[in-house]
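Participant: Sequence:
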Amino acid sequence: MRLLSCLLLAAGLACPAAADEFTAPAPVAAATVYPQGALLTRRAELDLPAGRHVVRLPAPADLASGAVPEIATSGGVEIAALIYRPDWPVAEDALFTAAQQAAQDRIDGLETEVEAAEDRLADARLQADALEAQRAYLAAIRPPAEDATDTEAARLTAEFVRAETERVLAELQRARRQQDDREEDLADLRDALAEAEAALARLSPAGETADMLELTVEMADAGRAAFELTETTDAAAWAIAYDMRLTTGDAPALDIDRKVTVRQWTGSYWSDVALTLSTSRPADRPDPVMPRPDRVSVHEPAPERERIGAAAPEPVVIEPELAMEDGPAGGVFRPEMVVDGVAVSYAYPEPVSVGTEDAALLFLGALNLPAETEIHASPRHDDRAYQVARFVNEGDAPILPGDARLYRDGHLVGRTAVGLIPAGGESLLGFGPLDGLQLDWRLVRNQTGGSGLLNRSSTRNQGIVFSVENLTGAPQDVRVFYALPFSEQEALEVEIDAQPAPDETDYEGLRGVSVWDLALVRRETREIRVDVSLDWPDGMELRWYP
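FYI, the numbering for the sequence shown is -19 to -1, 1 to 527, going by mature numbering (1 follows the signal peptide of the UniProt record, and there is no 0).
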């Protein structure tokens, strides 16, 4: 197709009076969906004779905000003029897509069936009412008076009434049964009609008016003309979610099922579109934040009374970023992945349908990765140890941020948010507590000063004991984490005596965070004692968050 980008002409521009007019739907044929927003390609095809014509197509939604339309046409089609027609009157079915037309045909057929069923039910009711009138007439016949002499006539009359009554009652029973059946048939057809009407409504047909794009086109020869309109929208998004299943034991492994939820609320039904999922974020700011001039100044210190009662600074909490995984794809579908240095794109291998305000759940296959399992314990903050898994993103693409359900050995243990992991990146992820590993923390000595944050004495001595007890019924290797205090001021001296000494200090670059590797047999309890001595000049204040 030849691409044409042009500005709209004035809405009042008149088209050639002699031109033939055509109207065609332009449903979404392809969609590139971003984490927020989408790029949509709408396609229209119709047969046109040679010469100049007016073709009206549904206008791209972003035209209303002044966007320049991007239109591609098939060979032999020249666009001479464009006009934007907001709220243009359209015939009821002029913009029907194939799916919408099929839904309307279904409604038309059911309406015909409902009318026929109503006629059949009316006939059944008339027949039943007629038989009911016969039964009432027979019931009104009385035998001759007792002084009548013609006993034979009376006998014949009684036999006639009895026989006719039996016949009428039998036919009435059949008529009532037929009436009930036809009422049920009519109810079923009305239910089917309501479902068909709901199905058409779900396909979001155009109303009595629609925003239209009016094209004046020149056809070199009669034939099939194709138009592609590209538009952007904020009314779409996709997000990834994971089911992560950790298997512990001699050969730990992590199985990851990747699922994508695609949502759109554009007001149009996406029927069998070619779907591409992209990690690009066109809705984000495209330019950097430039620095401003930075003037430095000094001031007299604030009076003491203004500093009294000031809030203590909040401690800085450093949380390791958890991440997720990609690897050899599995499952039914294997989307084609493209990594171009700017974004990762997944071309879904099957056409996808998504109704407006709906969500489509798609599967991106499974990842199967080796893992290393560890048990981590933080006695200062938890009373139980936790199972964790360490693994590497061995795929060619990053693991995308999303929500994950976590399973350990077949049991659901929780949910977590998964952060971005680049290709080749390592991640550590928790898989729930181990109730059989009990933790304890005690402050056994706290000399000089109180337990508050501000202490005016020049020394402070604390003794801390924390322990791990193995009640799991099997030997366990546990990594115990504790943040030992440190000083970056010459005036503040910190002495620490840890028994036993930690096996690792400054864990992953975190200053003072230490690790003890404990091998616990069944029902064993191991204690670690830490004595901390602080010394600083008189008159200075200690700030410490033990």
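Hints are supplied without guarantee of correctness; some may be wrong.
Computed spacing ranges between beta-carbons, pair by pair [said to hold, decoys possible]:
id	residue 1	residue 2	range
1	361	391	50 to 58 Å
2	417	384	54 to 62 Å
3	427	520	46 to 54 Å
4	334	452	32 to 40 Å
5	269	520	31 to 39 Å
6	255	68	24 to 32 Å
7	68	165	21 to 29 Å
8	73	266	43 to 51 Å
9	146	86	20 to 28 Å
10	395	361	15 to 23 Å
11	31	215	37 to 45 Å
12	269	480	51 to 59 Å
13	140	86	56 to 64 Å
Because the hints were derived from the structure by calculation, they are not lab data.
As the structure is a computational prediction, the values presented were derived from the model and not from experiment.
Ideal Cβ positions, reconstructed from N, Cα and C, are used throughout, including at glycine.
Participant: Now tell me, hint by hint, if it's right for this structure.
Facilitator: Against the structure, the hints come out as follows:
1. Evaluation of the 50 to 58 Å hint for residue 361 and residue 391 yields a failure: the beta carbon distance comes to about 32 Å.
2. Between residue 417 and residue 384 the CB atoms are about 29 Å apart, so this pair departs from the stated range of 54 to 62 Å.
3. At roughly 22 Å, the beta carbons of residue 427 and residue 520 sit outside the given window of 46 to 54 Å.
4. Taking 32 to 40 Å as the suggested C-beta distance range, the pair residue 334 and residue 452 does not conform, at roughly 54 Å.
5. At roughly 47 Å, the beta carbons of residue 269 and residue 520 sit outside the given window of 31 to 39 Å.
6. In this structure the hint that residue 255 and residue 68 lie 24 to 32 Å apart at CB holds, the actual value being about 31 Å.
7. Distance hint check for residue 68 and residue 165: the Cβ-Cβ separation is about 45 Å, which falls outside the suggested range of 21 to 29 Å.
8. Distance hint check for residue 73 and residue 266: the Cβ-Cβ separation is about 44 Å, which falls inside the suggested range of 43 to 51 Å.
9. Checked against the given bound of 20 to 28 Å, the beta carbons of residue 146 and residue 86, roughly 50 Å apart, lie outside it.
10. The beta-carbon spacing between residue 395 and residue 361, approximately 21 Å, falls within the hinted interval of 15 to 23 Å.
11. In this structure, residue 31 and residue 215 meet the distance hint of 37 to 45 Å, their C-beta atoms being roughly 41 Å apart.
12. Look at residue 269 against residue 480: about 52 Å separates their beta carbons, and that is inside 51 to 59 Å.
13. Against the hinted window of 56 to 64 Å, the Cβ-Cβ separation of residue 140 and residue 86 comes to about 59 Å, which satisfies the hint.
Hint compliance for this structure: hints 1, 2, 3, 4, 5, 7, 9 are not met, and every other hint is.
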